[in-house]
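Given these sequences and hints, build the entire structure.
Number of protein chains: 2
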Amino acid sequence: MRDAYHEELAGLTDRLVEMTRLVRSAMSRGTTALLDSDLQLAESVIAQDAEVDRLHMELETSIYELMATQQPVAVDLRTVITALRMAADLERMGDLAEHIAKLARMRHPESAIPAELRETFVEMGAIAENLITKAGSCIASRDIDLAKELEEDDDAMDRRHRRLFRVLLSKDWEHGIEAAIDITLAGRYYERYADHAVRVARDVVYLVTGTRDTDALTG
Amino acid sequence: MRDAYHEELAGLTDRLVEMTRLVRSAMSRGTTALLDSDLQLAESVIAQDAEVDRLHMELETSIYELMATQQPVAVDLRTVITALRMAADLERMGDLAEHIAKLARMRHPESAIPAELRETFVEMGAIAENLITKAGSCIASRDIDLAKELEEDDDAMDRRHRRLFRVLLSKDWEHGIEAAIDITLAGRYYERYADHAVRVARDVVYLVTGTRDTDALTG
Numbered sequence: 001m002r003d004a005y006h007e008e009l010a011g012l013t014d015r016l017v018e019m020t021r022l023v024r025s026a027m028s029r030g031t032t033a034l035l036d037s038d039l040q041l042a043e044s045v046i047a048q049d050a051e052v053d054r055l056h057m058e059l060e061t062s063i064y065e066l067m068a069t070q071q072p073v074a075v076d077l078r079t080v081i082t083a084l085r086m087a088a089d090l091e092r093m094g095d096l097a098e099h100i101a102k103l104a105r106m107r108h109p110e111s112a113i114p115a116e117l118r119e120t121f122v123e124m125g126a127i128a129e130n131l132i133t134k135a136g137s138c139i140a141s142r143d144i145d146l147a148k149e150l151e152e153d154d155d156a157m158d159r160r161h162r163r164l165f166r167v168l169l170s171k172d173w174e175h176g177i178e179a180a181i182d183i184t185l186a187g188r189y190y191e192r193y194a195d196h197a198v199r200v201a202r203d204v205v206y207l208v209t210g211t212r213d214t215d216a217l218t219g
Numbered sequence: 001m002r003d004a005y006h007e008e009l010a011g012l013t014d015r016l017v018e019m020t021r022l023v024r025s026a027m028s029r030g031t032t033a034l035l036d037s038d039l040q041l042a043e044s045v046i047a048q049d050a051e052v053d054r055l056h057m058e059l060e061t062s063i064y065e066l067m068a069t070q071q072p073v074a075v076d077l078r079t080v081i082t083a084l085r086m087a088a089d090l091e092r093m094g095d096l097a098e099h100i101a102k103l104a105r106m107r108h109p110e111s112a113i114p115a116e117l118r119e120t121f122v123e124m125g126a127i128a129e130n131l132i133t134k135a136g137s138c139i140a141s142r143d144i145d146l147a148k149e150l151e152e153d154d155d156a157m158d159r160r161h162r163r164l165f166r167v168l169l170s171k172d173w174e175h176g177i178e179a180a181i182d183i184t185l186a187g188r189y190y191e192r193y194a195d196h197a198v199r200v201a202r203d204v205v206y207l208v209t210g211t212r213d214t215d216a217l218t219g
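First to last, the protein sequences are chains A and B. Sequential numbering from 1 applies to the first sequence in UniProt numbering. Sequential numbering from 1 applies to the second sequence in UniProt numbering.
Please note that the accuracy of each hint is not assured.
Claimed, not checked - SDA-like mimics (lysine to any residue), calculated; alpha carbons at most 20 Å apart, straight line: (1) B:K171 - A:E174; (2) A:K171 - B:G176; (3) B:K102 - A:K171; (4) B:K102 - A:L169; (5) B:K102 - A:R159; (6) A:K171 - B:W173; (7) B:K102 - A:K102; (8) A:K102 - B:F165; (9) A:K102 - B:R166; (10) B:K102 - A:L185; (11) A:K102 - B:D158.
These are computed hints drawn from the structure, not numbers from a lab.
Here you go:
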């Protein structure tokens with residue numbers, strides 16, 4: 001039987017999963033806004049980031065209260081500490097989705113993404129969606145095998161990221177400096193988004209195993 | 001009189017200040033490496049980031065142990081929670097200094113920074129150094145007036161960052177796409193470095209006052 005304290009701990013997990021839903025939606029719409037130069041969609045992502053921020057703040061407040069009143073130890077302490085970290089990573093992923101939407105808005109009605117890079121950004125968007133979906137499942141299920149899959153998805157993102165630079169630096173590039181800047185920044189946002197998803201997955205591994213496989217967090 | 005527990009809490013502050021010293025040194029050398037295309041200096045920054053990472057991991061471990069064994073409450077709880085957050089921000093600032101050094105290394109023996117942007121990067125380096133020095137003083141002194149100064153320094157960084165784009169997008173830009181990509185990324189690293197310094201300062205304010213003036217962390 002669960003007491004109120006353990007209900008609260010379980011509630012943290014539910015709210016983290018809720019954050020992953022909001023972040024997935026933001027990134028999915030942000031990518032579409034970027035590819036289709038959809039101003040209305042971009043504005044909706046920008047406006048709704050406040051919701052992610054609010055959830056993050058509420059989670060932090062709950063965690064601080066829980067720590068102060070319940071003084072969790074052992075696995076419960078790991079639960080609250082990782083929840084704090086994961087909430088911060090998810091909040092940042094929301095910011096990155098917002099940055100992508102802002103890029104779409106800045107270039108509207110033009111598109112920031114030239115035709116020859118469209119497919120790469122479609123793929124980066126799909127990987128991003130995959131990452132956050134898996135991160136949400138990991139948080140809910142504490143499945144560490146799934147957590148390890150995110151490292152591979154991150155590698156897939158890095159390959160797309162490197163492809164961007166190859167295209168930008170090829171002799172055929174004809175879209176000038178402004179487009180190159182946009183793509184450099186957009187590429188960085190997707191890459192950082194993937195890094196934060198991997199951090200979430202690593203925190204699930206830490207939560208379950210009590211050790212950190214690897215601490216070399218890159219980015 | 002201080003007991004062992006309060007010695008440990010004070011020790012967290014000392015180690016955070018030590019992290020700021022390492023990060024300041026990394027950023028200062030990273031900037032010089034970037035401006036002077038100094039390969040040896042760049043390599044030293046890249047190699048020494050492991051030291052920042054090690055300090056970060058040690059701090060985290062100490063904090064988890066302290067939480068588990070001492071179950072801090074009230075201001076002591078705020079001390080450990082903010083120490084966790086500040087350590088993470090400082091670790092990330094070390095990464096960003098390393099990224100700048102890697103950019104210097106990648107372009108060596110060329111310089112990634114064309115002459116007309118040299119002065120702007122000198123200024124960004126100086127602001128970065130100022131920010132981390134003040135962040136270290138804030139952590140040590142818990143001086144919230146000083147903490148507020150960091151917001152202004154961050155604004156000064158943002159102005160330099162916008163100047164970069166004006167130069168990149170001017171008709172006079174003659175350094176091509178590769179240099180534009182380098183400068184876009186370098187600019188982003190300095191800007192994010194400043195954001196993390198501001199987060200540290202805001203955590204000092206939270207530590208002292210128990211409230212967050214503003215939670216809208218941007219980047």
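Hints, verified against the model:
1. For the hint linking B:K171 to A:E174, the alpha-carbon distance of about 16 Å falls within 20 Å, and the restraint holds.
2. For the hint pairing A:K171 with B:G176, the CA-to-CA distance comes to about 11 Å; that is within 20 Å, so the pair holds.
3. Restraint check: the Cα-Cα separation between B:K102 and A:K171 comes to about 25 Å, which exceeds 20 Å; the hinted pair is violated.
4. Between B:K102 and A:L169 the CA atoms are separated by roughly 19 Å; this keeps the pair inside 20 Å, and the hint holds.
5. At most 20 Å may separate the alpha-carbon atoms for a hinted pair to count; B:K102 and A:R159 meet this at roughly 19 Å.
6. This hinted pair checks out: A:K171 and B:W173 have alpha carbons roughly 18 Å apart, not beyond 20 Å.
7. Proposed proximity of B:K102 and A:K102 is contradicted: the alpha carbons are some 28 Å apart, above 20 Å.
8. With a C-alpha separation of about 16 Å, the suggested pairing of A:K102 with B:F165 holds against the 20 Å cut-off.
9. The straight-line distance between the Cα atoms of A:K102 and B:R166 is roughly 18 Å, inside the 20 Å bound, and the hint therefore holds.
10. Between B:K102 and A:L185 the CA atoms are separated by roughly 18 Å; this keeps the pair inside 20 Å, and the hint holds.
11. Distance hint between A:K102 and B:D158 is fulfilled; the C-alpha atoms sit about 17 Å from each other, no more than 20 Å.
Comparing the model with each earlier hint shows violations of hints 3 and 7; every other hint is respected.
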